[in-house]
Amino acid sequence: MPRITRARAATALVSIASVAVLLTGCAGAAAPASTVASDCTPKHAGLKTFTAGTLTVGVPENVPYTQTKGTDASGLEIDVVRKLADAECLALAFVPITYANGIPMISEQHKTDMITGGWYVTAARAEKVGFTSPTFYDSMGIISKDGIDTVTALQSVGNVGSGAGFSWEGDMSGILGDKFKTYPGTAEMKQDLLNGRIQAALDGYAVATVAYKDTGFQVKPAKEDDRVAITTSQPMIAFPIDKDNKALSDAFSELIDGFRADGTLAKLNASYDLPDSLIVPADKAAGSIR
Numbered sequence: 001m002p003r004i005t006r007a008r009a010a011t012a013l014v015s016i017a018s019v020a021v022l023l024t025g026c027a028g029a030a031a032p033a034s035t036v037a038s039d040c041t042p043k044h045a046g047l048k049t050f051t052a053g054t055l056t057v058g059v060p061e062n063v064p065y066t067q068t069k070g071t072d073a074s075g076l077e078i079d080v081v082r083k084l085a086d087a088e089c090l091a092l093a094f095v096p097i098t099y100a101n102g103i104p105m106i107s108e109q110h111k112t113d114m115i116t117g118g119w120y121v122t123a124a125r126a127e128k129v130g131f132t133s134p135t136f137y138d139s140m141g142i143i144s145k146d147g148i149d150t151v152t153a154l155q156s157v158g159n160v161g162s163g164a165g166f167s168w169e170g171d172m173s174g175i176l177g178d179k180f181k182t183y184p185g186t187a188e189m190k191q192d193l194l195n196g197r198i199q200a201a202l203d204g205y206a207v208a209t210v211a212y213k214d215t216g217f218q219v220k221p222a223k224e225d226d227r228v229a230i231t232t233s234q235p236m237i238a239f240p241i242d243k244d245n246k247a248l249s250d251a252f253s254e255l256i257d258g259f260r261a262d263g264t265l266a267k268l269n270a271s272y273d274l275p276d277s278l279i280v281p282a283d284k285a286a287g288s289i290r
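Counting in my numbering, the sequence shown runs from 1 upward without gaps.
Treat the hints loosely; a few may be bogus.
Mimicking DSSO-like on lysine-lysine, the simulated pairs with C-alpha atoms at most 27 Å apart in a straight line are [claimed, not checked]:
1) Lys128 <-> Lys223
2) Lys267 <-> Lys111
3) Lys246 <-> Lys48
4) Lys83 <-> Lys246
5) Lys267 <-> Lys83
6) Lys243 <-> Lys223
7) Lys220 <-> Lys246
8) Lys43 <-> Lys145
9) Lys213 <-> Lys223
10) Lys246 <-> Lys223
11) Lys145 <-> Lys220
12) Lys111 <-> Lys145
13) Lys83 <-> Lys145
14) Lys223 <-> Lys181
15) Lys267 <-> Lys69
16) Lys243 <-> Lys43
17) Lys179 <-> Lys213
18) Lys145 <-> Lys69
19) Lys43 <-> Lys83
These are calculated hints, taken from the structure and not from any lab test.
All chains, please: the whole structure from these sequences, using the hints.
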């Protein structure tokens, strides 16, 4: 999900004032216990977290990657995090965050060990936080009634909306001119698309597949176009993590690479009706910024 300045504008940002810490156990989503079984053996011994024995995870609202649900959290990345915690015998604490305060929660406030929500791996972010091995690609999704999948076709469709701040914003604004409209988030843009005030929309592909399901609109990944950088070089998504905790980052990266190799990432991805093409292959993951 996901852009240069942020993985994407969240459709419903949660105020930091409302932060509530929620614990779930090593057993996974179905087990609400806040403790880890005494006979649990971690894959990597001696890992340290800000709160001993507990992995504190920041969660923004960014379906299908993450969302808070009452006293719990869910989504594709949360499923991955549960498996990481299970393997390392760590209890989980979910902390609602916004995209504005997510990285400072790790690097400055030391209140979360890692954050979720579809964050792009960028050199600028890597100056403040570390990254695990990447998991998924993001791509520019085109939403339209006719299944448009090229930038060229967008030039003649009418007004085109986009969430503000996406990595494609400058490129698409230059191509579409005053036909390019920006919105604070998916919800506002979707409303205008459904009401006919815009004729197509641009959003993160994974986010769009969920947002427009059963609406009659089609979501297509944009085909390559040299004028739009994201279509020729897909951004990689990883978990931002405490830069100073290399042992934890390395342990989680090893586990994620194992999930990639044994098909776990593919299985989780498919459970959200997302294509295998969004999984970062091993050779590309090996060269990602860590």
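Now the hints, each set against the structure:
For the hint linking lysine 128 to lysine 223, the alpha-carbon distance of about 33 Å lies beyond 27 Å, and the restraint is violated. Using a Cα cut-off of 27 Å, the hinted pair lysine 267 and lysine 111 is violated, with the two alpha carbons roughly 31 Å apart. Note on lysine 246 and lysine 48: the hinted pairing holds, with a Cα-Cα distance of about 10 Å set against a maximum of 27 Å. Distance hint between lysine 83 and lysine 246 is fulfilled; the C-alpha atoms sit about 19 Å from each other, no more than 27 Å.
A hinted pair counts as satisfied when its Cα atoms are at most 27 Å apart, and lysine 267 with lysine 83 qualifies at roughly 13 Å. Our distance criterion of 27 Å between C-alpha atoms is broken by lysine 243 and lysine 223, whose separation comes to about 35 Å. Under the criterion of a C-alpha separation no larger than 27 Å, the hint pairing lysine 220 with lysine 246 is inconsistent with the structure, at around 38 Å. Restraint check for lysine 43 and lysine 145: not satisfied, since their Cα atoms lie roughly 48 Å apart, outside the 27 Å limit.
Of the supplied pair hints, the one linking lysine 213 and lysine 223 holds, its CA atoms being roughly 21 Å apart against a limit of 27 Å. Among the hinted pairs, lysine 246 with lysine 223 is inconsistent with the structure: their alpha-carbon atoms are about 37 Å apart, more than 27 Å. Using a Cα cut-off of 27 Å, the hinted pair lysine 145 and lysine 220 holds, with the two alpha carbons roughly 11 Å apart. Among the hinted pairs, lysine 111 with lysine 145 is inconsistent with the structure: their alpha-carbon atoms are about 44 Å apart, more than 27 Å.
Proposed proximity of lysine 83 and lysine 145 is contradicted: the alpha carbons are some 38 Å apart, above 27 Å. Straight-line distance between C-alpha atoms of lysine 223 and lysine 181 comes to about 21 Å, which keeps the hinted pair within the 27 Å bound. For the given pair, lysine 267 sits about 23 Å from lysine 69 by alpha-carbon distance, which is consistent with the 27 Å threshold. Taking the CA atoms of lysine 243 and lysine 43, the gap is about 21 Å. The hint holds against a cut of 27 Å.
With a CA separation close to 25 Å, the supplied pair lysine 179 and lysine 213 stays within the 27 Å bound. Only pairs whose Cα atoms come within 27 Å are accepted, and lysine 145 paired with lysine 69 is rejected, the gap being roughly 31 Å. The suggested pairing of lysine 43 with lysine 83 holds, with an alpha-carbon distance near 12 Å, which does not exceed 27 Å.
Hints 1, 2, 6, 7, 8, 10, 12, 13, 18 from the earlier list are contradicted by this structure; the remaining hints agree with it.
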